[in-house]
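Trainee: Go by the hints and put chain B onto chain A.
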Amino acid sequence: MSSTATTGPVPADNLARRRRRDWLVERLIYVAALLAILVIALIFVFVGKEALPVLTSAEVQKETDLSKLFLPQQYGTPEVPLPYVWQPVSEVPKYSLMPLLLGTLKVTLVAMLLAAPLGILAAIFATEFAPNWLRESLKPLIELLAGIPSVVLGFFALIVLATWVQDFLDLDYRLNVITAGIALGLAVVPIIFTISEDALTAVPRSYRNASAALGASRWQTAWRVVLPAALPGVFAGIVLGFGRAVGETMIVLMASGNAAITSWNFTEPVRTLSASVAAELAEVVFGDTHYHVLFFIGTLLFVITFVLNWLGTAVVNRMRRRLTGAER
Amino acid sequence: MNRRFAIDGVFILLTGLAVLMIVAMVAVVLGNIAYHGWERLTWQFLTDQPRAGMTEGGIFPAIFGTVLLVLLMTLVGVPLGVCVAIYFSEYADRTSRFYRWTRQAVNNLAGVPSIVFGLFGLGFFVQFVGGAIDDAAYAGRLTFGQPALIWAALTMAVLTLPVVIVSVEEALRAVPQSYRDASAALGATRTQTIFRVVLPNALAGVLTGTILAVGRGAGEVAPILFVGAAYFLPHLPTHLSDQFMHLGYHVFVLSTQSPDVEATKPILYATVFVLLGLTFLLNLVAIAIRTRLRLAAAGAR
Chain A
62 MSSTATTGPV PADNLARRRR RDWLVERLIY VAALLAILVI ALIFVFVGKE ALPVLTSAEV
122 QKETDLSKLF LPQQYGTPEV PLPYVWQPVS EVPKYSLMPL LLGTLKVTLV AMLLAAPLGI
182 LAAIFATEFA PNWLRESLKP LIELLAGIPS VVLGFFALIV LATWVQDFLD LDYRLNVITA
242 GIALGLAVVP IIFTISEDAL TAVPRSYRNA SAALGASRWQ TAWRVVLPAA LPGVFAGIVL
302 GFGRAVGETM IVLMASGNAA ITSWNFTEPV RTLSASVAAE LAEVVFGDTH YHVLFFIGTL
362 LFVITFVLNW LGTAVVNRMR RRLTGAER
Chain B
44 MNRRFAIDGV FILLTGLAVL MIVAMVAVVL GNIAYHGWER LTWQFLTDQP RAGMTEGGIF
104 PAIFGTVLLV LLMTLVGVPL GVCVAIYFSE YADRTSRFYR WTRQAVNNLA GVPSIVFGLF
164 GLGFFVQFVG GAIDDAAYAG RLTFGQPALI WAALTMAVLT LPVVIVSVEE ALRAVPQSYR
224 DASAALGATR TQTIFRVVLP NALAGVLTGT ILAVGRGAGE VAPILFVGAA YFLPHLPTHL
284 SDQFMHLGYH VFVLSTQSPD VEATKPILYA TVFVLLGLTF LLNLVAIAIR TRLRLAAAGA
344 R
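Residue numbers (the working numbering), protein chains in the order written: chain A, 62 to 389; chain B, 44 to 344.
Warning: the hint list may mix true and false statements.
DEER-style ranges, computed between Cβ atoms [as the list claims (entries may be wrong)]: (1) ARG266(A) x ASP136(B): 30 to 36 Å; (2) ARG184(B) x LYS200(A): 51 to 57 Å; (3) ALA77(B) x LYS200(A): 18 to 24 Å; (4) PRO265(A) x GLY74(B): 18 to 24 Å; (5) TYR91(A) x MET64(B): 23 to 29 Å; (6) ARG184(B) x LEU76(A): 39 to 45 Å; (7) PRO122(B) x LEU116(A): 37 to 43 Å; (8) LEU99(A) x ASP136(B): 53 to 59 Å; (9) ASP224(B) x VAL221(A): 56 to 62 Å; (10) GLY230(B) x PRO178(A): 55 to 61 Å; (11) ARG266(A) x VAL53(B): 22 to 28 Å; (12) ARG383(A) x ASP136(B): 19 to 25 Å; (13) TRP325(A) x ASP91(B): 47 to 53 Å; (14) THR281(B) x SER118(A): 46 to 52 Å.
Listed next, the in silico DMTMM-like pairs over lysine to aspartate or glutamate satisfying Cα-Cα at most 25 Å (straight line) [stated by the list, open to error]: (15) LYS110(A) x ASP178(B); (16) LYS308(B) x ASP349(A); (17) LYS308(B) x ASP91(B).
For the record, the hints were derived by calculation from the structure and aren't laboratory data. Each residue gets a CB set at the ideal place from its N, CA and C atoms; glycine is no exception.
Extracted from the complex, chain A is given alone in its bound form (with noise of 0.2 Å):
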């Protein structure tokens, strides 16, 4: 951008004419900010729209409804009742999301059950232990681990992980909900520690200075007085790593196995929300009732990831005020 000094003073019409250029420049900078919230608000309208039919349309209800997706139906046979079934291609099509929910419960819950430890306690060692240099070393790596295409996770957890879990656990499926959740895991951990993070580091040094005063050693101080005082925080980092878990697709679409199974077993193939979007849109005649039912989950996922990051969000903002008033 090229710019020629004026001296003297400025003419009149030239003035006026800078004036209505300013003006027009905010414009259409509000435009764009308001552009924002219109993105979000399109992509619940036009995700929801297709998801509608589900609710309203007679045709769509002869084959599915509210109840049939979600409460126990008579499937099977008397005697091997199967009250869940996703099985949308067949004779008699088959829509309840009770397998997907519970496949993508299990998955989310290995996931967090080894991204949530590791995330905090190696925030904590970031924030109270590590000499400067090495933290400043941590964060641009767990950016980069951070910034790994899950489709590369993906095809880790299917090519190689799985081999070393089905040997290392003697199981009977090389895809299931193990491989897939340690995968998934290492996709969360960024996010936990980044947050946890930002907590920890946003309390107060009088507090650990005060703490100190007292007698207590730096991993009292820590686990004691600071983690308590970041917890809003490191439980936000929580919330919305569960939200990036829910909605993660490529690692368990490639990793999961993909089977629609309705059981709390953990060594089994398992089929989420997510995957099952990605993996049976592509085929879906447009228009039917299983294409209505997938948007339909795409609705679902953007309810639930919406309601979650909603909650992370306005917990770290509390905490913050909170802190920074405390130091004042």
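Mentor: Below, chain B without anything else, positioned relative to chain A:
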């Protein structure tokens, strides 16, 4: 007293172990991919077409498609993201409802699962916008109303918008207030101050945001599954309404739908290596620029 400090050491060691475990896991993933991917990586692999059912030849069309995608994405997403960041940093009244809503919208946008962006791209860009263009300009002939490069780029631009906004906003805030005051004192209008003083000084942040967005755009697969990516195309895309090949999508299909996994494995590893190398390089550059930016900002204060 001694016992207490011994316990202290054990717990501190535990947190250190957590870090070590993360480092080890990253090292194993990267090491494995680098070790197996390196073997097959040749100049020919980067510049050749796939051959013999993806068991031979190269991945040039996938590289080309990925680059084209992120280029188009950047052209749309970065200017928009910069404008929103300017609003946040320079115009917004922090107490206004509009500010809170936009802030919340951007936060939530960052948390929307990538697969939902894919559904949005299909429902909004492909069917709604593309369908409307076909009706208006192509007499209903299917041209833009189907998965295409332009829709994938726009979907990706929306997905990476928060990344751009956060980076640019941080850089704008790092520009000292005294610059703005000095500019105003010299008679510059607000717009002049922003575009000739503040933004040029925040250029590193714009660059960081762009690079991070490109890295993300190159690696995300879920959003483009239904809006334009194709497994194999005999020709490179020449039109905005063409489909395209993509490195990440290539990895996905090669590893899940190959009839002979062992035969494709060397190619698969090499493709992952290229994808990972590309995203890492971009991320490293972005991190380096940002670190320098932060140091400079800290020095100015």
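Trainee: Look at each hint and say if it fits the structure.
Mentor: Here is how each hint holds up against the structure:
no.	hint	verdict
1	ARG266(A) x ASP136(B): 30 to 36 Å	32 Å, holds
2	ARG184(B) x LYS200(A): 51 to 57 Å	52 Å, holds
3	ALA77(B) x LYS200(A): 18 to 24 Å	22 Å, holds
4	PRO265(A) x GLY74(B): 18 to 24 Å	41 Å, violated
5	TYR91(A) x MET64(B): 23 to 29 Å	47 Å, violated
6	ARG184(B) x LEU76(A): 39 to 45 Å	53 Å, violated
7	PRO122(B) x LEU116(A): 37 to 43 Å	39 Å, holds
8	LEU99(A) x ASP136(B): 53 to 59 Å	20 Å, violated
9	ASP224(B) x VAL221(A): 56 to 62 Å	57 Å, holds
10	GLY230(B) x PRO178(A): 55 to 61 Å	58 Å, holds
11	ARG266(A) x VAL53(B): 22 to 28 Å	25 Å, holds
12	ARG383(A) x ASP136(B): 19 to 25 Å	24 Å, holds
13	TRP325(A) x ASP91(B): 47 to 53 Å	49 Å, holds
14	THR281(B) x SER118(A): 46 to 52 Å	40 Å, violated
15	LYS110(A) x ASP178(B)	21 Å, holds
16	LYS308(B) x ASP349(A)	38 Å, violated
17	LYS308(B) x ASP91(B)	18 Å, holds
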